[in-house]
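Student: For reference, the chains in residue letters:
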Amino acid sequence: MAYLRSILRSGKNAVPAVLRREFHRTLPAAVQVTVRDAIKEALDEELERDERVFLLGEEVALFEGAYKVTRGLWKKYGDKRIIDTPITEIGFTGIAVGAAMAGLRPVVEYMSFNFSMQSVDHIINSAAKTYYMSGGLQPVSIVFRGPNGAAPGVAAQHAQCFAAWYGHVPGLKVVSPWSAEDAKGLLKSAIRDDNPVVFLENEIMYSVPFEMSEESQSKDFLIPIGKAKIERKGNHVTLVSHSHVVSRCMDAAAVLAKDGIECEVINLRTIRPMDMEAIETSVMKTKHLITVEGGWPQFGVGGEILARIMEGPGFSYLNAPAVRVTGVDIPMPYAKHLEENTLPQIKDIVFSVKKTLNV
Amino acid sequence: MQNMLTVVANTLKGGAKINGSRVVVSARSFADLTPQASFDIKRCDLHRLDEGPSVQTVLTREDGLRYYRTMQTVRRMELKADQLYKQKIIRGFCHLYDGQEACAVGIEAGINPTDHLITAYRVHGYTYTRGVSVKEILAELTGRKGGIAKGKGGSMHMYAKNFYGGNGIVGAQVPLGAGVALACQYQAKNEVCVTLYGDGAANQGQIFEAFNMAALWKLPCIFICENNKYGMGTSVERASASTDYYKRGDYIPGLRVDGMDVLSVREATRFAADYCRYGKGPILMELQTYRYHGHSMSDPGVSYRTRDEIQEVRGKSDPITMLKDRMISNNMASLEEIKDIDAEIRKEIEEAAQFATSDPEPPLEDLCNHIFFNDTPFEVRGTSPWVKLKSIS
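Protein chains in written order, with UniProt numbering: chain A, 1 to 359; chain B, 1 to 393.
For the record, the hints were derived by calculation from the structure and aren't laboratory data. All values derive from a computational prediction rather than experimental measurement. Among these hints, one or two may not hold up.
As the list claims (entries may be wrong) - Below, computed lysine-lysine pairings styled on DSS-like, alpha-carbon distance capped at 25 Å: (1) A/129 to B/390; (2) B/347 to B/88; (3) B/347 to B/145; (4) A/227 to B/390; (5) B/218 to A/76; (6) A/75 to B/218; (7) A/227 to A/258.
Just chain A, same shape as in the assembly (with noise of 0.2 Å):
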């Protein structure tokens, strides 16, 4: 389920097909890198800088990573720093925490999210809580990266979004990349942050090309944790959203400007700490709000979105009551036709912008 690479940004309201976004007008020495790339080479130049990186996941080795996003580490690194584990989530991410607080700074890989539920004990009680159990005497850096969410034809057990579930916890910080510069500037800031990061990946995005300018080509280039990145400026009615569903909003996006309506995207890159001024700012120039996600609604991204925008100085800007759009709730289904209702469409997004701004 790639998206095609074709140019449709005439007035079709075609078919399956995506737009391509035209991202930065010609920047010189600019790429075209797939996200799967992105996180390799920010992985491989990590692993590069610091002896003291190393990975560990299933078949991150020998096989070359189940979505052969390590491709061609381990033959470059070796044994001693690409690390196949046994299927065993609960003992390896356990060692690997226990490795980070001896002072090395693992990277592990989930081969989705969903088995991550097994490890859940080690990424809360082991690495989130443990810098302020020991009043600030035990850091532990790490992180725990790959693909959560939505994976066309996976079913229920495959395809759960965890970002709502991580970002509750204080001691974590939850990054959800959505382009390749997110993808590569913020697994860079992930590994060299001190603190356990969880680093939402999703297999979706992982075939798609994106425009990489020369700066995001640097070894340095960093993009810092907690800070949303406007995708496309507007002025009626604010988007914001993260992973995947960003691709959907700018889609949205476009469709909704041959009304005359302009949507402004928000993709949030970070979920925990959440860029809330970012979010407000925009709402207080649009006085609409919609968060768009594809995890389920109840105690939700856009649920604690919301709830913060009621609380803080956006809410008074609002003309509307700002809304959710969100994965339906209910566990994902196998049907191509059921599946695809189960997550939010371009023409549900559509729908919800028109009901708030009431057109």
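With chain A held as given, fit chain B onto it using these hints.
Tutor: Only chain B this time, still in chain A's reference frame:
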């Protein structure tokens, strides 16, 4: 008690023989005492090992007095914690270690300070042997800012250099310890990690996951099961299909050790450290020990075992008494000097308790600090949207 009287009588008799008149013990100079002696220790049960630790060990007077002092300090510290808990000055969970002192002290004697150690929640003894003062331990129990974790961790969350706590989730510390061992191997410093767990934790799945990876990757990890016969209120027979904990590592060699004898524990730990320090992989030790207190301060400890059993262990196998008797009867220490040590310890504990009850609690300004390491200060939401707190690394 009977033993002690006999020993004292013998000593006095001895003095009388030499001088023809009654000689008071305290007049004896330390030059008369034996500088070291050889002791027989119990043979260990072995699993997948052709040879075990030596059945004879040499104890110097200096080491003996040090082990005695350390065990006695841990004993008195735990009894003081008991007292403070009953006075409600210590709250929440408090799992005491009295009875098991030989384990912590023997293990520390068998490894280097540069080695690493991690254990579960019955941790005060190890916190002390790993270098934290009684003062800082008691102040952490009473939740004061002078506590080792600044009052933010409590009984189960104490840390020090090369000491990783203090872990409240049963069994979680075992993969963590294997991870520390991975770091030792990675950094190639010939250090080992001692990873402790109890008979209750021994059935945890993640422990077997850790065994697998430790053996696969030959991690320098000494897994130690402190078998004190009861996981909370459940005896080993009621919890484990196999109570041969030293064999439960299957492909990992194991040994079963008398955990009430500090010399046995030391010898076994030396053996285990030698084994795994230079790349042979992990090893498993089961220490057979006993706790006098219940599981925690909220457990009187008699609903699942008899008072007679507790008394019997106290009378026959107390680790501190055993060491003292050995030293006295081999003329390696005088009763006077033991008494002096006891008095010093009592004073140290009193002073520590004094500090722990008078030191102030951490200030409210500290509430949100230490969330992240090496980070810029940030705002933390308080209990309501108007309350904005600050977090500093």
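Student: Taking the hints in turn, state whether each one holds.
Tutor: Evaluated hints:
no., hint, verdict
1, A/129 to B/390, "holds (17 Å)"
2, B/347 to B/88, "holds (22 Å)"
3, B/347 to B/145, "holds (22 Å)"
4, A/227 to B/390, "holds (19 Å)"
5, B/218 to A/76, "holds (23 Å)"
6, A/75 to B/218, "holds (22 Å)"
7, A/227 to A/258, "violated (30 Å)"
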